[in-house]
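Mapping of the sequence shown onto the numbering used here: position 85 corresponds to residue 77, and the numbering continues sequentially without gaps.
Derived by calculation from the structure, the hints in this document are not laboratory data. Backbone N, C-alpha and C fix where the C-beta goes; we use that ideal spot for every residue, glycine too. There is no bait here: all hints are sound.
Derived BS3-like pairs (lysine-lysine); straight-line CA-CA distance at most 27 Å:
id : residue 1 : residue 2
1  : K(-4)     : K72
2  : K(-4)     : K16
3  : K16       : K72
4  : K7        : K53
5  : K82       : K(-4)
6  : K82       : K72
7  : K82       : K16
8  : K53       : K16
Label pairs and their computed distance ranges (CB to CB):
id : residue 1 : residue 2 : range
9  : Q52       : E73       : 32 to 42 Å
10 : A5        : Y64       : 25 to 35 Å
11 : K7        : N79       : 32 to 42 Å
12 : K7        : E44       : 14 to 24 Å
13 : K53       : E80       : 28 to 38 Å
14 : E73       : N29       : 15 to 25 Å
15 : S55       : K16       : 17 to 27 Å
16 : A5        : K72       : 29 to 39 Å
17 : N79       : K53       : 35 to 45 Å
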Amino acid sequence: MMAKFMQVAIGYAGKSVAVTDIQKTFGSAGWARYAPNCWIIYTNEQPSAIAERIRAFCDQKDSIFVCELDIYNNFGYLQKEIWDWINERK
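Working from the sequences, and respecting the hints, build out all of it.
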């Protein structure tokens, strides 16, 4: 399966979760964190597999959203390092 970009967002309603614990769930996927609760990852995994691993660290009240990202149709104001990371993988 070919790698693709995924958007990962977590809405914390319960306990605090260490960012390093969340990032460990990405496994070998490359990732860029652009907000306290949002990442773009580059992986060949399915969204459900990623969300299930994250769920193990989160409170049942937390929201977890993982979806494939159409990185070729985008616009935004991100740090240069994030754009560089995206463009290196396109």
